[in-house]
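S.K.: Listed below are the residues making up each chain.
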Amino acid sequence: MRCLRRVISLGRFESPAEMFDAHECECDNSGCLMNESSSTVTGEKIMQQRSIFSGAILMTMAGLLTVGCASSEERYDQPPRESHRGRLDDPYQSTRADQASDRASIPALLEFSDLTAQRLAQDITSLPHVIERYDAASKVQKRLVLEMGGIDNKTRTPSTDFELIQRRLRSELMKSQLIRSKFMFVESVARQEQELQRIQQGGGASQTNRYANEDIYILQGDFMEAIRDSRRQYFFNFKLVHAQTREIVFDSSYDLGQVTVR
Amino acid sequence: MKMPGIGLSWMRCGAIMLSLAGVVAMSAVTGCAGPESTRLRASDFDETLGKMIQSLSSSEFLAERSPDSPPAWVVIDKVENLTNDVIPPAEQWMLVARLQSAMPLQRFREQYRVMFQITPERHALLRQAGFTGELSTPPAITHTLSAVFMSAPRAGRDIKAGMVNTRSDYYYLEYRLVDVKTRETKWLDTFEIKQQAKGLAID
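Protein chains in written order, with the numbering used here: chain P, 2 to 263; chain R, 10 to 212.
Derived from the structure by calculation, the hints contain no laboratory data.
Keep in mind that a hint or two might mislead.
Here are a few chain R residues that sit away from chain P, every Cβ distance over 12 Å (derived from the structure) [to be verified]:
#1 62
#2 96
#3 113
#4 115
#5 117
#6 137
#7 139
#8 141
#9 149
Simulated crosslink set (BS3-like; lysine-lysine; CA at most 30 Å straight-line) [to be verified]:
#10 P:240 <-> R:195
#11 R:87 <-> P:143
#12 R:60 <-> P:183
#13 P:183 <-> P:143
#14 P:183 <-> R:169
Just so we're clear, the structure is a prediction, and the values are computed from it rather than from any experiment.
All residues carry an ideal CB built from backbone N, CA and C; glycine is no exception.
Sequences are here, hints too, so could you generate the full structure?
M.R.: Have a look at this one:
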């Protein structure tokens with residue numbers, strides 16, 4: 002066996018088939034030479050080795066064929082990469098179902114939430130409303146309150162999809178240390194009061210904190226759609242609104258044209 | 010007398026048979042058909058929880074705390090399932106309880122003064138279980154650990170067949186720790202999964 006390995010590494014034989022004929026060989030620094038005269042292997046053994054070898058090749062080919070069959074079956078127009086069966090490596094990849102669906106494209110919505118999060122993180126430091134908030138007593142900059150506002154959905158895509166994107170946007174914003182230092186992210190009063198009722202089992206429930214309207218900013222989303230034949234034009238918009246003055250202090254929009262692939 | 014020619018052909022025939030058997034076996038194992046469901050799998054939950062455990066352990070919420078911090082009493086809540094998947098209540102509890110039980114409770118108490126409390130539902134069950142002693146008022150819960158699962162399904166229709174035969178689901182799994190009183194989200198992390206499947210749902 003050691004001899005055969007040496008043979009392969011030195012490349013003295015033309016093909017792997019020849020390797021099986023080299024049942025005995027002698028090696029030196031220049032390479033290996035077959036020693037025909039000292040052969041003790043019978044013709045039957047050689048045939049056996051050949052059959053095993055051809056069997057191994059066939060097995061490999063069959064394996065490749067099977068793998069090919071599995072992957073070609075799952076292939077769509079542009080096959081997204083899958084890590085496990087059916088699960089995509091990259092959630093931003095567009096699937097056949099994305100392309101054929103009448104709803105807003107998920108990869109586009111993800112891209113929109115990423116873009117808005119980036120823009121908001123960049124613009125936040127330049128917003129006068131945010132940088133000029135100081136506590137009168139301590140002279141320390143106050144953390145403002147960021148609350149999730151409603152979604153105005155005027156598309157045929159379900160509102161839950163946009164709520165998902167809104168949550169995702171909040172999560173992206175929370176990853177920014179700069180934004181966390183300026184804003185505290187709070188749950189809605191209704192939701193948290195309900196939670197308080199549960200954990201205190203209805204007895205002696207005290208109220209959750211309320212904040213001054215001048216410190217509250219609300220993240221609202223508007224989603225609209227125009228349909229012409231097979232083309233759908235979407236307009237996605239997120240805005241940050243000051244609760245007291247209702248002023249829009251930040252606005253990010255995204256246009257998406259989509260044609261359903263049949 | 011041995012006939013080498015016949016022996017060779019038998020050997021080759023055997024090798025071919027062996028290969029064919031291999032093809033059949035591998036086809037049975039891997040299967041030629043694609044995945045037929047976009048449901049969340051147990052392995053998806055395992056992966057999600059692994060990430061959440063790591064994230065909560067290294068969170069800013071814990072980093073800011075010390076043994077002298079005011080006590081934080083945490084209680085879990087079940088998953089709020091807003092996906093199209095059917096997740097039974099037992100699983101919904103399990104998917105948050107596993108995160109709680111993965112935390113080193115003693116270290117949390119000593120280093121961060123974070124303590125976990127049984128859920129109010131379990132507290133009420135103490136009486137039913139035959140506990141006759143006085144049930145004193147437990148310390149007020151300060152934080153809740155919960156999760157929300159959302160999904161956005163998309164389906165494609167085959168014009169020729171007239172049936173929906175492709176589907177993909179984008180899942181958004183969010184875990185969070187919320188201050189009960191201030192309503193502030195103290196820690197939050199997410200996990201995203203996209204699944205696709207081909208074929209008729211009836212299959």
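S.K.: Hints first: check each against the structure and report whether it holds.
M.R.: Structure-based check of each hint:
For residue 62 of chain R, the requirement that its beta carbon stay farther than 12 Å from each beta carbon of chain P is met, with the minimum near 18 Å. A cut-off of 12 Å between C-beta atoms confirms that residue 96 of chain R is not in contact with chain P; the least separation is 16 Å. Its beta-carbon lying about 24 Å from the closest one in chain P, residue 113 of chain R satisfies the requirement of being farther than 12 Å from that chain. Distance check for residue 115 of chain R against chain P: the nearest CB is about 24 Å away, which clears 12 Å, and the non-interface claim stands.
No Cβ of chain P approaches the Cβ of residue 117 of chain R within 12 Å, the least distance being about 19 Å, so the stated non-interface status holds. For residue 137 of chain R, the non-interface assignment is confirmed: its Cβ lies about 15 Å from the closest Cβ of chain P, beyond the 12 Å cut-off. Against the 12 Å criterion, residue 139 of chain R stays outside the reach of chain P, whose nearest CB is about 20 Å from its own CB. The Cβ of residue 141 of chain R lies farther than 12 Å from every Cβ of chain P, with a closest approach of about 20 Å, so its non-interface assignment holds.
Not every CB of chain P is more than 12 Å from the CB of residue 149 of chain R (nearest about 8 Å), against its label as outside the interface. For the hint pairing residue 240 of chain P with residue 195 of chain R, the CA-to-CA distance comes to about 24 Å; that is within 30 Å, so the pair holds. For the proposed pair residue 87 of chain R and residue 143 of chain P, the alpha carbon gap of about 34 Å is over 30 Å, so the pair is violated. Of the supplied pair hints, the one linking residue 60 of chain R and residue 183 of chain P holds, its CA atoms being roughly 27 Å apart against a limit of 30 Å.
Restraint check for residue 183 of chain P and residue 143 of chain P: the C-alpha separation of about 7 Å stays at or below 30 Å, so the hint holds. As the CA atoms of residue 183 of chain P and residue 169 of chain R are separated by approximately 55 Å, the hinted pair breaks the 30 Å bound.
Of the hints listed earlier, those the structure fails to meet are numbers 9, 11 and 14, in rising order.
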